[in-house]
Each structure stands twice: as structure tokens, then as C-alpha cells.
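Top line first, the protein sequences correspond to chains X and V.
Numbered according to this note's numbering, the first sequence spans residues 95 to 207.
Numbered according to this note's numbering, the second sequence spans residues 51 to 161.
If you are wondering where the hints come from, they were derived from the structure by calculation, not from laboratory data.
All C-beta atoms, glycine included, are put in the ideal place defined by N, C-alpha and C.
Warning: the hint list may mix true and false statements.
Unchecked claim - Rough simulated footprint, nothing fancy, chain X against chain V, three-plus residues with beta-carbon under 8 Å:
#1 95-108
#2 114-122
Stated by the list, open to error - One-sided excerpt, in silico: chain V residues whose CB lies under 8 Å from chain X:
#3 C62
#4 N80
#5 V142
#6 L149
#7 F151
#8 P161
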Amino acid sequence: DAGITQSPRHKVTETGTPVTLRCHQTENHRYMYWYRQDPGHGLRLIHYSYGVKDTDKGEVSDGYSVSRSKTEDFLLTLESATSSQTSVYFCAISPKGAAYEQYFGPGTRLTVT
Amino acid sequence: DAKTTQPPSMDCAEGRAANLPCNHSTISGNEYVYWYRQIHSQGPQYIIHGLKNNETNEMASLIITEDRKSSTLILPHATLRDTAVYYCIVRVRTGANNLFFGTGTRLTVIP
Numbered sequence: 095d096a097g098i099t100q101s102p103r104h105k106v107t108e109t110g111t112p113v114t115l116r117c118h119q120t121e122n123h124r125y126m127y128w129y130r131q132d133p134g135h136g137l138r139l140i141h142y143s144y145g146v147k148d149t150d151k152g153e154v155s156d157g158y159s160v161s162r163s164k165t166e167d168f169l170l171t172l173e174s175a176t177s178s179q180t181s182v183y184f185c186a187i188s189p190k191g192a193a194y195e196q197y198f199g200p201g202t203r204l205t206v207t
Numbered sequence: 051d052a053k054t055t056q057p058p059s060m061d062c063a064e065g066r067a068a069n070l071p072c073n074h075s076t077i078s079g080n081e082y083v084y085w086y087r088q089i090h091s092q093g094p095q096y097i098i099h100g101l102k103n104n105e106t107n108e109m110a111s112l113i114i115t116e117d118r119k120s121s122t123l124i125l126p127h128a129t130l131r132d133t134a135v136y137y138c139i140v141r142v143r144t145g146a147n148n149l150f151f152g153t154g155t156r157l158t159v160i161p
């Protein structure tokens, strides 16, 4: 157990509405990540953070924004949800550093109708 | 990061060793081999990693060939809870900040 929780675990929302997903860690690790997982695409990095207020884009960042105002929380926001953002979202931490092993949360299943 | 090739699926009898192969023929000298698995509907789970030497931990053993072009993950006594998709990933330890998961091997442990 890497001490990572994600909320909500399931969400159904309508196209055009904003949605915020929360990742919370209990260990105060510096590096945190948001991925999405879709059939046929594996896991793809959306955004990552290397400290409070320090974030950067990943492979599929369009339509997503993130914020990290506290070490323990990394928020992912869909500004205006679209059906293509229906996915399972995973948060991860990397206790040893950016390029070391990552530990994942339980995931959030988001459906945009 | 180098590309990896894994068989799409494998079966293993419960209690027997599960040997999962991975080819990474284009691996470079500073790239590590990582293994993760994903049990249905859960987040990926880190298993083990190595550079040149064989590695063992409480979950598994990792055997890397001398030329480093392939590796094998060994689960010594597979249980039904080991049924999952196993991913072999090759990556450098500096500069990279994400993991590239391919399609992996779906291991089914049979009672």
C-alpha cells in the first residue's frame, strides 16, 4: 500500500461540465503523476508534478489542467469534459525520484455522457 | 526508451513457477528493465527492476541475459491472485519522467 487515495472512485458527468479528480498521498513524496488508461492505448501520462506549484505536461495533456498547492494533493481538472475523456484515471507517486519506480493509486473511472 | 516484446498471453498451473519472457534487443547500456503488473480493475503494481544482474525480492525474480537483450520474470509459486497483465518496461534512470506501458502479457493462473 503506497498510501495513495483517489476520489471519487467513480463518476458520471455530462459533456461540457468541469470535473476535478483528487489524488492524495500520505507520505509527502515530491513526484506525482496523472495517467489515463484506455483499451488499446495502455497508460498515457497526462501531467506530472515535481513539487508544490511545479507541474509539467505529459503525452496527452490537452483538455486537462492540474494543480498542486500542497505536497499531499495533486488535482486533475477537466475544464469542459468531452466523451473522449471517458477513461480510467490513475495517480502515481515516485518516492525515490522522477525516474525511479512508481506506485499507483486505485484509479477513478470517469464516464462522460 | 527501447521497445519491448512480450507474448500476449500465457497460462500457468497454480503452485508452479510462472516464467514470463521479454525481449528488448535494442536496450542501451544505461537502460533498466522494470516489471509491473495490473490485476483487473486495479492500479499497476511495481514488481521488480534490474540493470545487469539477476534480482530477487519477495514477489519475484528477474533474470537478465548476459547480452541484456532479453529477460524473464519468474513468479516461483504462482497463485490465483497472480492472474494479471504483466508489463516489461525498459527505461533510463535519468531524465525520463514517465513509464511507457505496452500491451503486456496476460497471465492466467489455472487451479
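A quick look at each hint next to the structure:
{"no.": "1", "hint": "95-108", "verdict": "holds (count 3)"}
{"no.": "2", "hint": "114-122", "verdict": "violated (count 0)"}
{"no.": "3", "hint": "C62", "verdict": "violated, 23 Å"}
{"no.": "4", "hint": "N80", "verdict": "violated, 11 Å"}
{"no.": "5", "hint": "V142", "verdict": "holds, 7 Å"}
{"no.": "6", "hint": "L149", "verdict": "holds, 6 Å"}
{"no.": "7", "hint": "F151", "verdict": "holds, 4 Å"}
{"no.": "8", "hint": "P161", "verdict": "violated, 27 Å"}
Of the numbered hints listed earlier, those contradicted by the structure are 2, 3, 4, 8.
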